[in-house]
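If you're matching them up, the sequences are chains A and B in order. Mapped onto numbering that gives the first Met the number 0, the consecutive letters of the first sequence carry residue numbers 0 to 305. Mapped onto numbering that gives the first Met the number 0, the consecutive letters of the second sequence carry residue numbers 0 to 305.
Errors might be hidden in some of the hints.
[Stated by the list, open to error] To spell it out: a stretch of chain A is covered by chain B in this simulated footprint if at least three of its residues, at any positions, have a beta carbon under 8 angstroms from a beta carbon of chain B; those stretches are:
| hint | region |
| --- | --- |
| 1 | 41-53 |
| 2 | 60-70 |
| 3 | 75-83 |
| 4 | 125-135 |
| 5 | 139-149 |
| 6 | 197-209 |
| 7 | 296-302 |
I should point out that these hints are in silico values taken from the structure, not numbers from a laboratory. No residue lacks a Cβ here, since even glycine has one placed at the ideal position from N, Cα and C.
Number of protein chains: 2
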Amino acid sequence: MNIDALIEGIRAKQNPTVAGLDPRPEHLPAFLLDDAIREHGETLAALAAATMRFNTAILDALHDIVPAVKLQSACYEMLGPEGMAAMRDSIAYAKGLGLYVIVDAKRGDIGSTAECYSAAFLGRVKVGGAEIAPFDADALTVNPYLGSDCVLPFLDDVGANARAIFILGRTSNRSSSELQLLPAPDRPLYRVVGELTERWGAAYIGAHGYSSVGLVVGATQPAEIVELRRHLRRTFFLIPGYGAQGGAAWDIARAFDNLGRGALVNSSRAILCAWQKKGTPEAYADCARAEALRMKEELGRYVTFN
Amino acid sequence: MNIDALIEGIRAKQNPTVAGLDPRPEHLPAFLLDDAIREHGETLAALAAATMRFNTAILDALHDIVPAVKLQSACYEMLGPEGMAAMRDSIAYAKGLGLYVIVDAKRGDIGSTAECYSAAFLGRVKVGGAEIAPFDADALTVNPYLGSDCVLPFLDDVGANARAIFILGRTSNRSSSELQLLPAPDRPLYRVVGELTERWGAAYIGAHGYSSVGLVVGATQPAEIVELRRHLRRTFFLIPGYGAQGGAAWDIARAFDNLGRGALVNSSRAILCAWQKKGTPEAYADCARAEALRMKEELGRYVTFN
């Protein structure tokens, strides 16, 4: 699904939140782990099974509130091939519930390798007469360090399969300034990446005026969000760093246009681990739902969706 | 294994080649695919099985010639969870043959996520009382775009588990210049990354004077190899782009010090696809061996290993 489907989901649910499905083993209630270890022994398969059970309940609890989920690939890779199967199955389950699915894998490599990554997450692989979508996500995050070569192969799937990608622009972590703020001619490096992103997206602009080549812009740099929004009129922003990392709803609101379009705000731990702060292990899904509703209400104070 | 193990392998085999184990479906002899489809049907499991059979024969044919192999993660991810199992099993098989194993995954993310990537490829994951190494590689390539945050978690495994990482500095693809050559204060961006790499590696310098935090430097920019070697005395280089991408042995020789240390040269397609140029499908392993010997001989004309 391209960026239009995401924008329409945000509008339908009046909520620009993407819930991060990034469960690390320590985020899982102990009873889920215990059950899985009883069945699978002390194996990665047990962690993958507990993760899948957790994700299923979280998705059931959130699917009528949030329009999108974002899976952090690292959390699944650390569980080995069984974890990758849990990622694939979580993507399928989320799509079955009508959710827009972003895989946050931050891939980036030379052209021939980028083709493989695109096939893995956004495309199809031929086997004899069959064509199989290995992970079948709607969108993928992409690291721009290798330049256009590492982006162009993904655009083929953006076009042919109506997918989207999000380029890392200004990330929300503290040390992001070491490279991203370096002064390129007339502007910092992340602005160069922003302008490349606008250019890469020019051929993929949808019905709502935004392209299917988006940009990751951390919530922790509000002035930069404003500046990027002013310069990049066609670029949709994926905004991590809300809540736990310190970004405030008031600041984030400036990433949106007057119709409440143009951005998607991620929350991972605040939703997934809400049970650790305000509930019981058994109530993890209800706690996630309550936090997602709270976040929706908070963002809704500053952004309206027409 | 840290960088010393790699350096000693290069010396023992008198060969600074790392063979890229990057088989895409079109690189596999048709009879391997046909056999696998007969057994597994037209599934990703069939592609993964054919890949594993190919890798096993290639590793058997190369293990006494080359000191190291590099697996391109994208080639396995595009085969889904079954492909990731083939990657895990290929790593284990290669290590069983005494080879040094680099996973070329170019990962890079914020600190808590980088911890997960490090656990996946270089570390261990706890399940109850067990500790399991999901992919168990010796080294991993890392993308620096997010700054120190995305590197420091890997250093814990470099130290505790004697692993190594290679930071992307100057890549071999054409569009790498779009960002990597941007002028930072007094020097281009890739030089900033090189200096950060030397700093990250300062605490991990081995018996041969090189740190276990290496740098990827494309063979297609010989003048830059020379310049980086002059500035970065403690940093070991991983050099892609030899052969197919145009880098010549004569140029690459300048990455090495007088003892023939300091660099590892990758060749992927030239070795894996040698059968397509100079042989028959059945002879793919012998053709790979012949090309690896040719490359060893060619590099040996310009570099001696004491």
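Hint-by-hint comparison with the structure:
For the region 41-53 of chain A, the proposed coverage by chain B is satisfied: 5 residues have a C-beta within less than 8 angstroms of a C-beta in that chain, meeting the threshold of three. Here's how the region 60-70 of chain A fares: 0 of its residues keep a CB closer than 8 angstroms to some CB of chain B, so the rule of at least three is not met and the hint is violated. Residue count for the region 75-83 of chain A with a Cβ under 8 angstroms from a Cβ of chain B: 8. That meets the three needed, and the coverage hint holds. Beta-carbon proximity to chain B at under 8 angstroms applies to 8 residues in the region 125-135 of chain A; the threshold of 3 is reached and the given coverage holds.
Coverage of the region 139-149 of chain A by chain B holds. Counting CB-CB distances below 8 angstroms, 8 residues qualify, and the rule asks for three or more. Restraint check on the region 197-209 of chain A versus chain B: 0 residues with Cβ-Cβ distances below 8 angstroms, three needed, restraint violated. Evaluation of the coverage hint for the region 296-302 of chain A: breached, as 0 residues show C-beta separations to chain B shorter than 8 angstroms, against a requirement of three.
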